[in-house]
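Participant: The primary structure of each chain is shown beneath.
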Amino acid sequence: MTRTPLALISGACDTAVGELPGSTCLGLHAEAALGAIRDAGLAVADIDGLLCAYSMTEPHLMLASVVAEHLGLQPVHCAALSAGGATGVIAVMQAQALVAAGHCRHVLVVTGDNRLTGLSRDGAVAALAGVGHPLFEQPCGLSVPAAYALIAQRYLHEYGVPTTHLAAVAVAMRRHAGRHPKAHKRTPITLADVLASREIASPLRLLDCCLISDGAAAVVVSAPTAVPVMSRPRVALLGAGQGHTHEHVSYAPGLREFGCHRAAHIAFAQAGVAPHDIDVAEIYDSFTITLLVELESMGFFAPGTAGAAALAGALDLDGELPCNTHGGLLSYGHAGPAGGMFHLIEAVLQLRGEASLRQVHGAELALVHGDGGILSAHGTLILGAI
Amino acid sequence: MNEICLGSAEIFRAGCARGELCYQRCRDCGAVQLHTREHCARCHGLQVGWAVSGGLGVIYSHTTVHRAPTPVFRDRVPYVIALVDFAEGFRLLLNVVGDARAEVRIGEAVRVVFGPGIDGQPWPQALRCAGTAD
Chain A
1 MTRTPLALIS
11 GACDTAVGEL
21 PGSTCLGLHA
31 EAALGAIRDA
41 GLAVADIDGL
51 LCAYSMTEPH
61 LMLASVVAEH
71 LGLQPVHCAA
81 LSAGGATGVI
91 AVMQAQALVA
101 AGHCRHVLVV
111 TGDNRLTGLS
121 RDGAVAALAG
131 VGHPLFEQPC
141 GLSVPAAYAL
151 IAQRYLHEYG
161 VPTTHLAAVA
171 VAMRRHAGRH
181 PKAHKRTPIT
191 LADVLASREI
201 ASPLRLLDCC
211 LISDGAAAVV
221 VSAPTAVPVM
231 SRPRVALLGA
241 GQGHTHEHVS
251 YAPGLREFGC
261 HRAAHIAFAQ
271 AGVAPHDIDV
281 AEIYDSFTIT
291 LLVELESMGF
301 FAPGTAGAAA
311 LAGALDLDGE
321 LPCNTHGGLL
331 SYGHAGPAGG
341 MFHLIEAVLQ
351 LRGEASLRQV
361 HGAELALVHG
371 DGGILSAHGT
381 LILGAI
Chain B
1001 MNEICLGSAE
1011 IFRAGCARGE
1021 LCYQRCRDCG
1031 AVQLHTREHC
1041 ARCHGLQVGW
1051 AVSGGLGVIY
1061 SHTTVHRAPT
1071 PVFRDRVPYV
1081 IALVDFAEGF
1091 RLLLNVVGDA
1101 RAEVRIGEAV
1111 RVVFGPGIDG
1121 QPWPQALRCA
1131 GTAD
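Protein chains in written order, with the working numbering: chain A, 1 to 386; chain B, 1001 to 1134.
Calculated from the structure, these hints are not laboratory results.
Check each hint, because a few of them may be wrong.
Stated by the list, open to error - Pairwise CB distance ranges, derived in the manner of DEER restraints:
{"#": "1", "chain 1": "B", "residue 1": "C1029", "chain 2": "A", "residue 2": "P162", "range": "39 to 45 Å"}
{"#": "2", "chain 1": "B", "residue 1": "E1038", "chain 2": "A", "residue 2": "G353", "range": "54 to 60 Å"}
{"#": "3", "chain 1": "B", "residue 1": "G1045", "chain 2": "A", "residue 2": "G353", "range": "33 to 39 Å"}
Stated by the list, open to error - If you want the footprint, here are the derived chain A segments under chain B, 3+ residues with CB under 8 Å:
{"#": "4", "stretch": "119-130"}
{"#": "5", "stretch": "138-144"}
{"#": "6", "stretch": "196-204"}
{"#": "7", "stretch": "246-253"}
Unchecked claim - Far from chain A, some chain B residues (derived; all Cβ distances over 12 Å):
{"#": "8", "residue": "R1018"}
{"#": "9", "residue": "R1025"}
{"#": "10", "residue": "R1027"}
{"#": "11", "residue": "C1029"}
{"#": "12", "residue": "G1030"}
{"#": "13", "residue": "C1043"}
{"#": "14", "residue": "H1044"}
{"#": "15", "residue": "G1045"}
{"#": "16", "residue": "L1056"}
{"#": "17", "residue": "A1068"}
{"#": "18", "residue": "P1071"}
{"#": "19", "residue": "L1083"}
{"#": "20", "residue": "R1111"}
{"#": "21", "residue": "G1117"}
{"#": "22", "residue": "D1119"}
{"#": "23", "residue": "P1124"}
For each residue, glycine too, the CB sits at the ideal point set by N, CA and C.
Throw the hints in and build the complete structure from the sequences for me.
Facilitator: In structure tokens, the structure reads:
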């Protein structure tokens, strides 16, 4: 099938992930950025657009300008975006629009943070709780895990399923991470381990929650005509969509359907494909419940059935939908806005056939999804090998 | 004074001090909203009025928090948070208080009471209708 690329993901790179003592936010940005540019076969001077996200350890009003200066870049387009875990995906959409409009030829999207070693764990948890409404949520002691716990509790109630359906996701992600030499957590876990882990906010336990890691990731988004010829498959952006319904969980229209439904619907329609066409999916998994809700909302599984599917191995490498083959935020790592970018890097590797032990045989079509806030901001990308 | 000039958060807080749970209703389209603002989020008109809730609601979802987000909540764990659907049509996040608060269940009836919030000022809380106050 001949597909028309909207843009190419010409380069991709992520740094080491996990606990990286001595790392800095800007240093991580530079390592990922230069790696992605090199991977694209480009020179730094070829980059004419720069999109960044945000940092908690080195917060700055103009992070993109700081990163450009740090890299020695003087781009014609330079901006920092902020959509939580959806930032990377949304930045890729913006980069595509910039190359399609002719403003840029090669846009560098780079995100990262030394969130583990640069902040105390308490500091990170407290900073994240700032997404709660200052008047109507924060005074109740609502943490991000607690907000997702409200969604999880409702999910378990509506579908009458046990917490093993949540735990199955954590186990599946760890199984994937075991095949990735760079993953933050690789030690296998069982359902019993998840169910015996410390309670965080019922029904979510420690192993239902994503990691806090250091790391960075970058891609180069290029105009299809601007990319050097290489021997490996080219990775094309074929479709993309977003969905935004709320910011605060208490203003979500409901706790069953979220913006992932709309984001995926738009992306599938643009790419001219359906969920069953996807060979490998890399989907934001900030908590086990996040992945269940997204898989169902996006049309991969019927409502209330994704957990049972995970229990039966559907998300494994040889399953019906290999999902988060790097281990996801739950086991590969979660370094602020770079967390969602790790999913994108993994999709690129899969489509190039460079995923080593994790390779999904013959993967030609991948879906990447990011979620920011409390399932608030969503972006979906459909990528294909061409 | 036009009440909008007071700031909607202040009107809400003043209601709490009187033991009243105030919410907004659009005078133009009738939409109900709780996250208070100076306009109607449905029709975007500016004729937003205030009403007092009867204080009765139903648990939409809940969680018991064991890991506090900030130091101020650390000595309160475990505490219970719930999304409560009030009879007037708005949803509000509240702490559930009273005996057996951890036994709260989805679909259960609660009523609003006012107790000291984190700033010590009166703030709404949910009490299980079958339960008793602290």
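Participant: Does L1083/B clear chain A by more than 12 Å, comparing its Cβ with all Cβ atoms of that chain?
Facilitator: 6 Å, violated
Participant: Are there three or more residues in the stretch 246-253 of chain A whose C-beta lies within less than 8 Å of some C-beta in chain B?
Facilitator: Check passed, 4 qualifying residues.
Participant: Take the C-beta atom of G1045/B and the C-beta atom of G353/A, compute their distance, and say whether it sits inside 33 to 39 Å.
Facilitator: 57 Å, violated
Participant: Classify the label on A1068/B as holds or violated, using whether its beta-carbon is more than 12 Å from each beta-carbon of chain A.
Facilitator: Check fails; 6 Å does not lie beyond 12 Å.
Participant: Would you assess whether G1045/B, listed as outside the interface, keeps its beta-carbon beyond 12 Å of every beta-carbon in chain A?
Facilitator: With a cut-off of 12 Å, G1045/B remains clear of chain A, as the shortest Cβ separation is near 19 Å.
Participant: With 12 Å as the threshold, tell me whether G1117/B passes as away from chain A on beta-carbon distances.
Facilitator: 5 Å, violated
Participant: At a Cβ distance under 8 Å, does chain B reach at least three residues of the stretch 196-204 of chain A?
Facilitator: It holds: at least three residues are needed, and the stretch 196-204 of chain A offers 7 whose Cβ sits within less than 8 Å of chain B.
Participant: Taking the closest pair, is the beta carbon of C1029/B still more than 12 Å from chain A?
Facilitator: 17 Å, holds
Participant: Would the non-interface assignment of P1071/B survive a Cβ cutoff of 12 Å against chain A?
Facilitator: 8 Å, violated
Participant: Take the stretch 119-130 of chain A, compare each residue's beta carbon with every beta carbon of chain B, and decide whether three or more fall closer than 8 Å.
Facilitator: holds (count 5)
Participant: Should the hint that C1029/B and P162/A are 39 to 45 Å apart at their CB atoms be regarded as holding?
Facilitator: Since C1029/B and P162/A have Cβ atoms about 43 Å apart, the given range 39 to 45 Å holds.
Participant: Please check whether the beta-carbon of G1030/B is more than 12 Å away from every beta-carbon in chain A.
Facilitator: Given a closest Cβ separation of 18 Å, the condition holds.
Against the hints set out earlier in the document, violations occur for numbers 3, 17, 18, 19, 21, 22 and 23.
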